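Residue numbers (the working numbering), protein chains in the order written: chain W, 107 to 476; chain P, 261 to 585; chain G, 154 to 428.
Hints listed in this document are in silico derivations from the structure and should not be mistaken for laboratory results.
Be aware that a few hints might be false.
Unchecked claim - The calculated lysine-lysine pairs, modelled on DSBU-like cross-linking and capped at a C-alpha distance of 35 Å, are:
#, chain 1, residue 1, chain 2, residue 2
1, W, Lys470, P, Lys304
2, W, Lys199, G, Lys336
3, P, Lys308, P, Lys359
4, W, Lys154, P, Lys392
5, P, Lys381, W, Lys184
6, W, Lys154, P, Lys359
7, W, Lys140, W, Lys393
8, W, Lys154, P, Lys304
9, W, Lys470, G, Lys390
10, G, Lys230, W, Lys207
11, P, Lys555, W, Lys266
12, P, Lys461, W, Lys157
13, W, Lys393, W, Lys184
14, W, Lys157, P, Lys304
15, G, Lys336, G, Lys263
16, W, Lys393, W, Lys157
17, P, Lys555, W, Lys144
18, G, Lys368, P, Lys325
19, W, Lys439, G, Lys336
20, P, Lys392, W, Lys325
21, W, Lys184, P, Lys304
22, W, Lys126, W, Lys157
23, W, Lys256, W, Lys393
24, P, Lys442, W, Lys325
25, P, Lys392, W, Lys470
26, G, Lys230, W, Lys199
27, W, Lys170, P, Lys461
In this text the structure is predicted, and so the values were computed from the model without any measurement.
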Amino acid sequence: MKSGVNKRPELKRGNLMAVKIFIAADRLDSVLEKLATKIDLWIPALLKGDKSGPTGFVPYEVGKAPAFDRQTTLPLKKVLLPQEETLLRFEYKKDPEGAPKTTIALDDHREARPTLVFGARSCDVRALTTLDRVFANGPYVDPYYVERRKNTFFATLVCKENDVKCFCSSVGGGPADMEGSHLKIVQVDDGYVVEALTAEAQSLLDGLGDAPDAARDAKAAEMVKEASGRRVGDVDTQGCAEAFRNRFPQTDYWVQMVSQCLSCGVCTYVCPTCYCFSITDEVENLKGERLRSWDSCMFYHYTLEASGHNPRPTKLERYRNRVGHKFSYIPEKYEGLLGCCGCGRCIRSCPVSIDIRQVVGHLKENTNEQ
Amino acid sequence: MLENDRNQLHKLVEEALPELDMMIGWAESCDPLQTTPVFIRDAKSISKLTLGPFCSQNLAGYLVKPPALDAPPKPDAKPIGICVKGCDSRSLVALIQEKFITRDRVRIFGIPCRGTVDFRKVAQRVPLANVKSATMEGDSLVIDDSGTPLRLDLEEVLARKCLGCRYPNPVIQDVVIGQEAKPRSSSLAATYRDVAAMDAKPLEERLAFWQSELDRCIRCYACRNACPLCVCQDRCIVETREPRWLTQRVGIPEKFLFHFIHAMHLAGRCTGCGECERVCPMDIPVTLIKEKLNKIMEEMLGYSAGLDPEAVPPLLTFNPGETEI
Amino acid sequence: MNNNPYLPEMATVQEVITETGNIRTLRVTLDNKERMGQFDFRPGQVGQLSVFGTGESTFVINSPPTRKDYLQFSVMKAGEVTARIHQLNTGDQVGIRAPLGNGFDFEAMKGHDILFVGGGIGMAPLRTLLLYMIDNRADYGDITVIYGARSPKDMCYTYEFEEWRAGGVNLVLTVDAEFPGWKERVGFVPTVLSEVAPSPSNRIAITCGPPIMIKFVLFGLKELGFEDPQIITTLEKRMKCGIGICGRCNAGSKYVCLDGPVFSYDQIRAMGGEM
């Protein structure tokens with residue numbers, strides 16, 4: 107499957123010396139501190155004090171400990187698609203001559219700073235192949251996303267242990283999938299073996315540490331081998347696009363699958379591939395901003411038209427659209443690419459335990475069965 | 261014991277189902293620590309119904325939302341069967357009080373409750389937070405997380421709302437499943453100890469606490485949608501476009517506004533079921549805001565929501581002789 | 154368009170026409186004269202009209218590409234943005250992102266007889282194509298327009314009807330109920346359609362109006378023998394970005410803002426999705 111944004115230099119194994127360093131666990135903090143002087147650094151971290159609390163990606167601050175032990179509650183998409191973002195600023199300007207005319211000044215300047223996400227996961231990075239198609243593949247290109255995307259690098263953890271809700275291998279990924287990553291992080295007993303996967307990532311490792319010794323290198327290789335061989339999840343997504351189209355008109359199926367749904371936005375906000383957004387004007391007196399903010403197809407207002415008509419008035423149509431978008435519409439538009447990275451977050455965070463694996467897994471069953 | 265209760269439930273539902281439009285209960289989900297609501301219309305699905313400390317969802321809200329909602333009911337509408345724990349039954353009473361549903365429209369299967377499990381507390385106690393199975397053995401919860409079974413005392417992993425529970429037994433029901441449960445609290449002080457602890461802190465500290473907690477809010481509105489008494493749903497003023505009361509920004513002011521609108525609309529109506537807090541993906545103790553209001557209602561007006569179907573919630577009425585306000 | 158598809162071009166309102174009690178027509182020109190001179194579009198393409206501080210909304214450019222003194226938008230007051238647009242006066246600045254969407258395939262319609270069936274504000278997207286055809290009259294066969302509104306007071310473009318007729322258009326007007334002074338037909342659009350009964354042979358039907366009207370017009374057209382590919386309509390959805398990214402206006406895998414708003418009836422059937 108082709109990657110959406112090919113503007114990054116391609117991985118050239120021939121020219122690339124296998125630059126690898128070892129970071130001892132007790133040196134991680136100082137290494138991150140050094141990295142943060144080279145580039146804007148984001149890490150996965152606890153968002154609340156206790157161990158079981160929610161986690162997400164945050165800008166690195168000295169002393170902040172990364173949370174590498176499990177997948178974050180919130181995905182990393184906000185690094186590229188913030189929950190709230192200014193598309194443009196406007197200002198009504200009174201004519202200095204005192205004429206009753208006002209003119210409007212627009213300003214859409216933006217800045218994308220080089221950024222490294224240290225401690226991403228394969229599923230999260232894989233999700234970007236979906237976002238890339240949507241934002242960067244045209245016919246219209248989203249400059250806000252694309253400029254950030256080009257400037258963002260990913261140091262990705264080889265996933266040590268998935269949980270019972272992960273299913274990355276069912277949707278084309280895997281625990282050691284490094285597609286789209288620039289650095290590979292392997293957790294060994296007493297630290298991390300970090301390997302550059304692209305030319306520009308090499309320079310990020312300069313001066314951060316020495317090559318791992320043979321024992322650690324072997325251990326890392328062994329872990330990668332184990333992770334590469336691990337199949338996570340057993341959802342059959344073959345032919346799901348067509349199966350969805352057949353299921354579409356069967357109201358009974360959707361009643362059976364999603365009657366519990368509360369129509370909240372959790373599944374979409376924790377989803378690394380959900381990108382739908384709203385655009386609103388936020389104004390104070392004569393100045394204001396046109397804002398892009400996360401929206402959710404689970405919300406009634408998302409499709410509510412000014413006339414009062416709503417093409418997706420109940421949770422059944424809305425949930426069905428979410429499944430359709432990921433497993434039928436995106437594949438149809440982009441040569442079979444699935445709009446799901448199998449991270450399992452929607453399952454983990456759903457207040458009523460709706461399991462998208464079941465909904466997708468049953469699409470193909472005998473369509474007459476209740 | 262749990263097994264007996266489950267069998268009893270299955271038997272009673274089997275008998276009742278021909279006279280019901282549907283039966284709303286809990287079923288096992290892919291997560292051993294959490295159930296999923298289930299809507300049963302045919303006898304062969306009755307076996308899906310389960311009971312126990314993982315049945316955390318309050319099902320009462322489904323009575324006023326699809327698929328149960330059919331307002332006004334069809335002429336041939338039959339009652340809807342529903343499983344309720346003590347706290348859930350109070351939400352049901354509140355819905356009856358506010359005339360969202362009539363008493364004769366529901367067939368209430370009362371479940372005396374020994375407390376529900378807070379999966380986050382379990383996650384704190386297990387090494388991998390990757391629970392593969394969870395079963396009750398007496399008063400213990402036996403968890404398989406890393407291959408070695410781990411035994412946790414149920415009391416230690418109960419939801420916060422359960423710790424001060426005064427009404428573990430449904431306050432309204434047609435049939436009861438199993439034996440009566442013992443209340444954990446009989447006093448306002450015990451029920452509202454978290455509120456008292458918060459009130460004891462200086463104002464600056466309280467503000468800082470809520471700023472830090474609510475800062476995590478992602479405005480997913482799960483707390484609102486899970487609330488059985490947030491009956492405005494699609495018409496909620498935090499989302500309406502005309503007028504637009506709340507911007508799409510994700511700053512703390514917007515989050516405060518949303519959560520306090522939510523809480524104020526529940527003043528004197530909230531029955532403390534804790535759903536808003538349970539469903540929060542960001543683990544914000546949002547029920548605490550409502551508990552504070554509930555405490556005021558009890559202290560000033562002597563009113564506790566969702567106990568008497570005939571009572572009128574004090575903020576939904578007006579008494580010219582009111583002395584307390 | 155510039156390299157930021159979200160950045161509107163500034164434009165100035167040149168004229169505001171009150172069409173009906175709740176419909177106004179705006180004629181605007183781009184402030185950049187050079188851009189205005191080069192501005193090109195297909196009939197049926199849309200624009201995002203911005204009133205900064207309130208927001209953007211999508212409207213068809215209902216002037217034809219053959220008449221480019223100004224770009225014309227007709228706006229029915231329905232939500233917050235349209236209410237704000239109704240407050241605009243000559244000389245006010247607005248933002249425009251245009252042209253967007255697919256537009257009508259007017260090339261493929263050459264040599265065919267044409268039937269327009271419009272209701273209320275639904276005449277707006279038909280008007281651009283109608284005027285284009287009048288301006289290229291020799292390319293098209295018979296042009297019949299059935300236009301209906303609740304009452305004569307709810308009819309748009311009344312000041313142009315003579316021009317349309319002079320341009321070789323068979324214009325059939327109807328209102329829902331008798332009205333003092335009304336000399337044209339009385340009756341719902343679908344009923345008038347079956348009375349007029351245009352032959353489906355070598356004809357393309359283009360319809361736009363309230364959903365309930367479209368539904369019965371479709372029945373009517375099928376009854377007259379029109380096949381699905383011969384029937385063309387424009388779809389409406391709530392839109393935000395207008396460029397196929399933000400996600401909300403999909404019907405199946407198609408985005409109405411990008412792949413539409415113009416679709417033939419067989420395309421709509423193939424799309425699936427909620428309407």
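query: Does the structure keep Lys184/W and Lys304/P at a Cα separation of 35 Å or less?
result: Answer violated: Lys184/W to Lys304/P is near 45 Å, above 35 Å.
Restraint status (C-alpha distance of Lys154/W to Lys392/P at most 35 Å): Between Lys154/W and Lys392/P the Cα gap is close to 25 Å, so the pair holds against 35 Å.
field: Restraint check for Lys392/P with Lys470/W, where alpha carbons must lie at most 35 Å apart
entry: holds (27 Å)
message: Checking one constraint from the list: CA of Lys393/W to CA of Lys184/W, max 35 Å. Satisfied?
response: Given that 35 Å is the threshold and the Cα spacing comes to 26 Å, the pair holds.
Restraint status (C-alpha distance of Lys199/W to Lys336/G at most 35 Å): Violated, because 50 Å separates the two Cα atoms, which is more than 35 Å.
query: If you draw a straight line from the CA of Lys392/P to the CA of Lys325/W, is it 35 Å or shorter?
result: holds (28 Å)
- prompt: Is the hinted pair Lys555/P and Lys144/W satisfied, with a Cα-Cα distance of at most 35 Å?
  reply: violated (53 Å)
message: Given the hinted pair Lys461/P and Lys157/W, is their Cα-Cα distance within 35 Å?
response: holds (25 Å)
query: Is the Cα-Cα distance between Lys140/W and Lys393/W 35 Å or less?
result: violated (40 Å)
task: Please work out if Lys157/W and Lys304/P have their alpha carbons no farther apart than 35 Å.
output: violated (42 Å)
task: Would you mind confirming whether the straight-line C-alpha gap from Lys230/G to Lys199/W stays at or under 35 Å?
output: holds (27 Å)
message: Between the alpha carbons of Lys439/W and Lys336/G, is the straight-line distance 35 Å or under?
response: violated (52 Å)
Of the numbered hints stated above, those contradicted by the structure are hints 2, 6, 7, 8, 11, 14, 16, 17, 19, 21 and 24, listed in ascending order.
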